Amino acid sequence: MSSDSSTGLTLHRHSVSEEAEAQLFWRMRLRFARAFMGQLYRTARLRSTLIVALSLLFWSGLFVLFQTGFYFVKHHVGGAGDPYHAQTFKLVFHLFFASLNLMLVFSSGIILYGTLFRSPESRLLMTMPARDARIVLHKFQEALAYSCWGFFLLASPMMLAYGIVVGAPWYYYALMAPMIVSFVYIPCSLGAVFCLLLVAKFPKLKLAIVASVAMASVVVAGRAIWATVNGPQIELFGNEWFQQTLHRFQFTQQEWLPSSWLSNGLLEAGRTLPPSAETTGFDLPIVQSCMYLAVLIMNALICHLMVVNAGKAWLREAYSTVECAPRQRRKIKVAWFDLLLERMLFSFPKPVKLLLVKDWRLLRRDPIQWSQFLIFFGLLGLYFLNLDRFRSQGNDLGNITWVNMVSFLNLAVVGLILSTFTTRFIFPMISLEGQRFWVLGLLPLPRETILWSKFIFAALGSWLPCAALILASDLMLRIDLLVVAVHQFTCLLLCVGLASIAVGLGAMMPDFRESSPSKIAAGFGGTLNLVLSALYIILIVVCTALPCHFYLIAGRGKLSETFMHPDQWRHWLLYGTVAAILIATVATVVPLSMGLKAFRRLELS
Amino acid sequence: MAAIVEFKAVGRNYGAKRAVDDLNLELRTGELFALLGHNGAGKTTTIKMLVGLLRPQDGAVLVGGYDIVEATREAVSVLGYVPDQPYLYDKLSGREFLEFIAGMYGYDARQAKVLIDREVGRFGLASFVDDLCESYSHGMKQRTVFAAAMLHNPQVLVVDEPMVGLDPQSIRLVKDLLREEVSKGLCVFMSTHTLAAAEEIADRIGVMRQSKLLFTGTVDELRQAHPDRQPSLESLYLHLMNTEDSSSEVPPAGDSHAALGEDAKSP
Numbered sequence: 158m159s160s161d162s163s164t165g166l167t168l169h170r171h172s173v174s175e176e177a178e179a180q181l182f183w184r185m186r187l188r189f190a191r192a193f194m195g196q197l198y199r200t201a202r203l204r205s206t207l208i209v210a211l212s213l214l215f216w217s218g219l220f221v222l223f224q225t226g227f228y229f230v231k232h233h234v235g236g237a238g239d240p241y242h243a244q245t246f247k248l249v250f251h252l253f254f255a256s257l258n259l260m261l262v263f264s265s266g267i268i269l270y271g272t273l274f275r276s277p278e279s280r281l282l283m284t285m286p287a288r289d290a291r292i293v294l295h296k297f298q299e300a301l302a303y304s305c306w307g308f309f310l311l312a313s314p315m316m317l318a319y320g321i322v323v324g325a326p327w328y329y330y331a332l333m334a335p336m337i338v339s340f341v342y343i344p345c346s347l348g349a350v351f352c353l354l355l356v357a358k359f360p361k362l363k364l365a366i367v368a369s370v371a372m373a374s375v376v377v378a379g380r381a382i383w384a385t386v387n388g389p390q391i392e393l394f395g396n397e398w399f400q401q402t403l404h405r406f407q408f409t410q411q412e413w414l415p416s417s418w419l420s421n422g423l424l425e426a427g428r429t430l431p432p433s434a435e436t437t438g439f440d441l442p443i444v445q446s447c448m449y450l451a452v453l454i455m456n457a458l459i460c461h462l463m464v465v466n467a468g469k470a471w472l473r474e475a476y477s478t479v480e481c482a483p484r485q486r487r488k489i490k491v492a493w494f495d496l497l498l499e500r501m502l503f504s505f506p507k508p509v510k511l512l513l514v515k516d517w518r519l520l521r522r523d524p525i526q527w528s529q530f531l532i533f534f535g536l537l538g539l540y541f542l543n544l545d546r547f548r549s550q551g552n553d554l555g556n557i558t559w560v561n562m563v564s565f566l567n568l569a570v571v572g573l574i575l576s577t578f579t580t581r582f583i584f585p586m587i588s589l590e591g592q593r594f595w596v597l598g599l600l601p602l603p604r605e606t607i608l609w610s611k612f613i614f615a616a617l618g619s620w621l622p623c624a625a626l627i628l629a630s631d632l633m634l635r636i637d638l639l640v641v642a643v644h645q646f647t648c649l650l651l652c653v654g655l656a657s658i659a660v661g662l663g664a665m666m667p668d669f670r671e672s673s674p675s676k677i678a679a680g681f682g683g684t685l686n687l688v689l690s691a692l693y694i695i696l697i698v699v700c701t702a703l704p705c706h707f708y709l710i711a712g713r714g715k716l717s718e719t720f721m722h723p724d725q726w727r728h729w730l731l732y733g734t735v736a737a738i739l740i741a742t743v744a745t746v747v748p749l750s751m752g753l754k755a756f757r758r759l760e761l762s
Numbered sequence: 003m004a005a006i007v008e009f010k011a012v013g014r015n016y017g018a019k020r021a022v023d024d025l026n027l028e029l030r031t032g033e034l035f036a037l038l039g040h041n042g043a044g045k046t047t048t049i050k051m052l053v054g055l056l057r058p059q060d061g062a063v064l065v066g067g068y069d070i071v072e073a074t075r076e077a078v079s080v081l082g083y084v085p086d087q088p089y090l091y092d093k094l095s096g097r098e099f100l101e102f103i104a105g106m107y108g109y110d111a112r113q114a115k116v117l118i119d120r121e122v123g124r125f126g127l128a129s130f131v132d133d134l135c136e137s138y139s140h141g142m143k144q145r146t147v148f149a150a151a152m153l154h155n156p157q158v159l160v161v162d163e164p165m166v167g168l169d170p171q172s173i174r175l176v177k178d179l180l181r182e183e184v185s186k187g188l189c190v191f192m193s194t195h196t197l198a199a200a201e202e203i204a205d206r207i208g209v210m211r212q213s214k215l216l217f218t219g220t221v222d223e224l225r226q227a228h229p230d231r232q233p234s235l236e237s238l239y240l241h242l243m244n245t246e247d248s249s250s251e252v253p254p255a256g257d258s259h260a261a262l263g264e265d266a267k268s269p
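Protein chains in written order, with the numbering used here: chain A, 158 to 762; chain B, 3 to 269.
Honestly, the hints are just simulated from the structure, not real lab data.
As the structure is a computational prediction, the values presented were derived from the model and not from experiment.
Glycine included, C-beta positions come from ideal geometry on N, C-alpha and C.
Check each hint, because a few of them may be wrong.
Said to hold, decoys possible - Computed footprint of chain A on chain B, listed as stretches where at least three residues anywhere in the stretch have a Cβ under 8 Å from a Cβ of chain A:
1. 14-23
2. 222-228
Unchecked claim - Among chain B residues calculated to face chain A with C-beta under 7 Å, some are:
3. Arg57
4. Val78
5. Val80
6. Lys93
7. Leu94
8. Glu98
9. Gly105
10. Lys177
Take these sequences, add in the hints, and give me the full structure.
Now the structure itself:
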């Protein structure tokens, strides 16, 4: 009890019940969400619309993919009632959900670690009389949402497509949402409990344990996948191969796995009985499905209790352990590739060379930046190296068409991924320099030099890996030398243009208040950069790809004499190249000159 | 008078490094205690253990008679905490944030309104309290966090570097507020590098160096221990630190007064 002398009121403090505490947190979260959505609507309509539109596009693409795949299975493997039909769908569902099951355990554990132990909000909440279990639940809900949106985006089109293809009854659709929600709660809770346990009780071994389990999972999955696809092509999709594959992935159908409860529940709900079938109430698909749902819900509730008790028991201990972990100082030496880079840049003026080497060091010492680059480009590289199934076989027009199309699609994909990197890493560079402008601004060099160095850094840095990737794709596809040359030329145009757009827009729309590059990239300028980059890529690829594609297939088909004479397309090839050069020149010169102008006028307060 | 805050032989490591070693300290109601020390001396670790963020490895911390480890909720209920890096929810307004804090301490909506109005007036938040916190300057954030810490009329206020980032007027406001609340019985535990502020408002000071509490007492007691030095706290503090730096070994906590002279006694 406290008395307020200014108002003369006597105030009574009540002990906050668990329910009231939960309501308080939820009210705060709702207010937060309302303010966030309102702000998004007022200040970031372009970005929000783009995100929603692209998500819908991605969802629709997945839906079409799954629906086509399921129709293929239905028509070519066997219809309802066929043993292959049931086995195939069972394999697909179990494999899909078992993989996601494991990923959810890892992702929720890792996200909870970040949101609980590294966030200033936790620090605030822990100094107030909030229950430890409530703090953990609050942060766990965040981790759950972050972990699950990908699951919803992947699983919902698949489940919907399956229901449509097999003509599932109404209750299949009604049971989908509760099944998904109760399922995701289980692996996410387990991830959270493991996270708390490892941090509180095995602080020194936590990284080793997580890395070992992740490595073991990758090895097991990798071996199974390799064994499945590595056989002779002639045996692929044959009866024996199918049986072996079923056997190989049998472990995903273990009855104790939550993913099996979800898969079985969905498959039961989607099952339709023939009119002549005689079944008792217990065997009805809806009853069977509801039983799986009950198993999922009960386990989810038990997992909820586990999270609550783990939070109660381990939060403070774990937090102390993380806070008091020794921080190692990084000793920096001049690396040989820094020296090599300095030698390679001999033709540049010294200030530009110094700025380039500085940017290179900042990049290579920040694993968050280059690891994303490595993952995406590494995956692309793996895909390109496995393109041998498209290899040109003879003079078959269909094959040549496909090979050319795939090669240009690969080029476009490299460009699009590069545009996300220029948006995420190059566009914010000027904004980030603003905070260090007291150093750069006072150096005896023209301001333009800073911008030019960013442009050279971005263009050179992106051209080398992109050119190598596209060359790998072309070599694997064994395409015509002319196309290889066109691809390399297009790649150069893309890299130079994208670098200029990112640097120019970054200088025109800097955000000196924000210190996080991801937040700078997520703003209006970053979104505009992404949209313009995508438009630029599409224009360049269309201008160079279409004429080249038609030129190569001209004269090989039946329509060649009338519509597709090679001479005609030779002209178009030239026009397309000239158009691409013109577009690239505009896309390079205009943003860069506008950026230079804006950067010269820039006043830093 | 019974102590409201007690550190009993408290120790804490950061890996192999000893951050706080054998800390014994008692604070009473109506007292402003300023903890001084170089960066890395152990001040922030001490504060983190006091507010429940870190668990002591050795010894115990008691707040209002409650052990911070065994009865964390009860102990932090009597505390208000102003960290050096104020955290507010970006997408809440200052008022919404204060309502959340009031709810956490068990006040209903009517009572919360009374308390929030009081703090808004006291800290001059009226012009921005309904704006989203993301638009606040450091000073605005600091004042809002002060308001949140004082909202539930705590018995102990813990402040980590309260003057950093504040304009002169706000610094005056904070100093006056702290003295006024101390006169009403509040116990303030303040960690600071601003020696002038400590000299001006602290009843007692503590000096930490390399995990150990070297001295506790009033500024006058420190002056008496070093009559040959200039009387400012800055001069005395630097002398104390330099003397200790030049010695090969840090004296054990219990013997710290010996290094200062026989006259320096902890109250």
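Hints violated by the structure (listed by number, smallest first)
2, 5, 10
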